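Enquirer: Those protein sequence lines, which keep their order, are chains F and X. In this note's numbering, each residue's number is its place in the first sequence (first place is 1) plus 4. In this note's numbering, each residue's number is its place in the second sequence (first place is 1) plus 27.
Everything labelled a hint here was simulated from the structure, so no lab data went into it. Bear in mind the structure is a predicted one, so any value in this text is a computation, not a measurement. Check each hint, because a few of them may be wrong.
As the list claims (entries may be wrong) - Derived pair list, reagent style DSS-like, types lysine-lysine, alpha-carbon separation capped at 30 angstroms:
1. F:Lys140 / F:Lys166
2. X:Lys194 / F:Lys172
3. X:Lys262 / X:Lys180
4. X:Lys205 / X:Lys262
5. F:Lys95 / X:Lys262
6. X:Lys154 / F:Lys95
7. X:Lys262 / X:Lys194
8. X:Lys180 / X:Lys194
Unchecked claim - Covered, in the sense of this in silico footprint (three residues per stretch, anywhere, with C-beta under 8 angstroms from a C-beta of chain X), are these stretches of chain F:
9. 65–71
10. 92–98
11. 163–174
12. 209–219
Using N, Cα and C, we set each Cβ at its ideal position, and we do this for glycine too.
Spelled out, the chains give:
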Amino acid sequence: MSELVAQLIWNGLVTGALIALVALGLTLIYGIAGFIQFAHGEIVALGAYNFMVFHKLMGWEIIPAVGISVLIMIIIGLILERFFFRPVREKDPMIPLVISIGLSIGLQAIILIFFGPNILTISDKTHASISIFGDKILATPSQIIAIISAVILMIGLGVFLKKSKIGKYLRAVASNREVAQVFGMNIDNSMKWIFGIGAGMAALAGIFLGFEQNLEPLMGVHISVKAFSAVILGAVGSIRGAIIGAFLIGLTESLLVGMGVIPSGFTSAIPFVILIGMLLLRPEGLFGNRFESLRR
Amino acid sequence: MIEYIFSLIIITSIWTLLAQSYNLSFGLTGLFNLGHIIFYGIGAYTAAILNTRYGIGFFPNLIFAALVSGAFAAFFGLLTLRLSGHYLAIATLGAAMIATVVATNWVSLTNGPLGIRGIEEPEFFGKIIQADSLEFVVLMLIIVVFCNFLLYKIFNSPFGRIQRAIKDDEIAVRAVGKNTFAAKSWSLILSAAFAGIAGCLYTHYRLFLDPSIFALPEIIILILMVVVGGRGNFKGAILGTILVIIIGELPRFIGFPDNIIGATRNLLFAALLIGTMFTRPQGLFTFFTEKE
C-alpha cells in the first residue's frame, strides 16, 4: 500500500512539474502583458514535435536536439510577441486574448497538416525504469531529469526575477506599466524577455511530456488547460502560486485516480472541479490579494 | 445538390440562433463565458433523452430544452457570475471540460461515447418531416426567425440597455441602484434558454447525439461568429454566422484532400479571427451601427 502511495506521489510530482513549467510562462505573461495566452499550449506541442523531428527523424543526440528545439520555440515565442501581440498591446485586453485563441487553433491546424492526425512517439527506444528511494518507486530517467530541471528552472526564475537587473525591470513593469515607462524602462524589451522565457520553458515541458505520452496535435491543449487552472488556483501573476497550484493539481489527479476514489474517465475534470471549488471559497486565488482582485 | 443546399441552410439557421444567444450574454452583457456550448449540449441532450425514453415530440421538446438549459444556467450563474474577466473565462472553460467528461462517463443517462441513436424526426399534425427536405428548412427558418425576433426585442428593451451598461461599467450601473448580479443572471438564463432551443433543433435534425457536441472547437467557432460580427451587434451575429459557415465550406470546394479539410478550415478560421481583431476589433459589420 505504501509503495502504491509513494509511486502515485511520484507520478503526481512529475505531472505537477510539467504543469508548473507551462504555468510559469502563463503567469509571467499574464502578470506583465495582462492577458491569458491561449496559444501557450501549442508552444508545448510544437516543442515536442520539434524535438521528435531532430531526435528521431534526423538522429541527433538528445542534448543538442533539446537545445535546438528550445531555441526554435524561443524564436517562435518572440515572433508571436512581435507580430501578433505587440500591435494590440495598448488595446482592450480582450483583443490579445481573442488573438491568442485564434493562434491556438491556427497552430494546431499547422501541426495537423505537417504531421497528420496519427499518434507519434518521440523515440522508439523504451527507457528502462529504475528504482529509487529504496526500491519503492519506479521512475524513468526522463522523469528524474524533468523534476530536477523543473526545480532548477523554478529557483533560477525566482532568483532571476528577484536579483538580476532585468528581473527587477520585469517586476516593475508588472506592478505598474505606466510608471515603469515614465522611468524610462523599455516595455518592448520586457515583453521579449517574458515571451522568450515562457516559450523556452513551455518547449522543455513539451519535450518531457513527449517522453511520458504519445505526441498528438491536441497534447498542448490538454496540458495548457491544466496550467490555466494552476495559474488561477494560485492567483494570476503569482510565481509561487502557479508552482503550488501546479503541484496541487498533479498530486490530486494522480492520488484520486490511482487510489480508485474517482474513475479514471473523470481525470480531466479534476483540475476544474478543484478550480471552481476554490474560486467559490477564495476568488482571489490561494496567494492573491483581495484588493487586487476587486480592482480588476 | 439541392439537399446539400438545404442542409447548409438548416445548419446556418441553427448556428445563427446559437450565435445570437451567445451574443446576448457574451456580446451584450460582456460576460466572457467560454462555456456557452454547455447550454447548447444540455438542450440537445434533454431533447434526445426525452424523445428516446419518453416519446416526447419535437415541439414540446423545444420548451423542455429551453427550460432545462435555463434552469441549469441559473445554477451555473450562481457559481460563476461572482467572477469577472479572465477568471470567468477560465472557470467557464473548465465547466465545458467537465461537461464533456460527464457526458462521456455518465453512461446510464447519456449512453456515453456511443451516443444516443433513434431520435425521431419532427412530426407536424401526423406528418413526419424528413431532415434535408423543404418542409424541414421552412420549419427551421420559422423557429429561428421567431427566436431571433424575441432576441431582438430583448436586445432593444430596457433590460437590454442595462446589459449594455454593465458591459461598459458595471460599478456605475450598481451605483445607480440596479442589481447587476440579477441582471447578469437573467442574461445568462435567457441566453442559455435560446441555446437550449438551438440544441433541440440540432438533435432533431441530426437524429444522433454524442459528447463531441461539447468539444472545444465548437466554442471557438461560436466565439468567431460573434466576434466577427461584432460583440453586441444584433445583425452582426447573423452575418458573422453566415460568413463563418461559408468560409468553413470553402476547403471542400477548392478540393483539398479529405484528411486536411478540417485543418485547412481551422487555419482559415484562425486567419479570420486574427484578421478581424487587427483591423476591426468591433466587428466586420460595424457599418450597421455606426449611425447610432
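Enquirer: Confirm or reject each hint.
Expert: Evaluated hints:
1. F:Lys140 / F:Lys166: Distance of about 38 angstroms is beyond 30 angstroms: violated.
2. X:Lys194 / F:Lys172: 35 angstroms, violated
3. X:Lys262 / X:Lys180: Distance ~13 angstroms between Lys262 (chain X) and Lys180 (chain X) Cα, so the pair holds.
4. X:Lys205 / X:Lys262: 28 angstroms, holds
5. F:Lys95 / X:Lys262: The hint holds at about 25 angstroms.
6. X:Lys154 / F:Lys95: 55 angstroms, violated
7. X:Lys262 / X:Lys194: 19 angstroms, holds
8. X:Lys180 / X:Lys194: 19 angstroms, holds
9. 65–71: violated (count 0)
10. 92–98: Holds, because 5 residues of the region 92–98 of chain F bring their Cβ atoms closer than 8 angstroms to Cβ atoms of chain X.
11. 163–174: Contact hint for the region 163–174 of chain F vs chain X: violated, 0 residues under 8 angstroms.
12. 209–219: violated (count 0)
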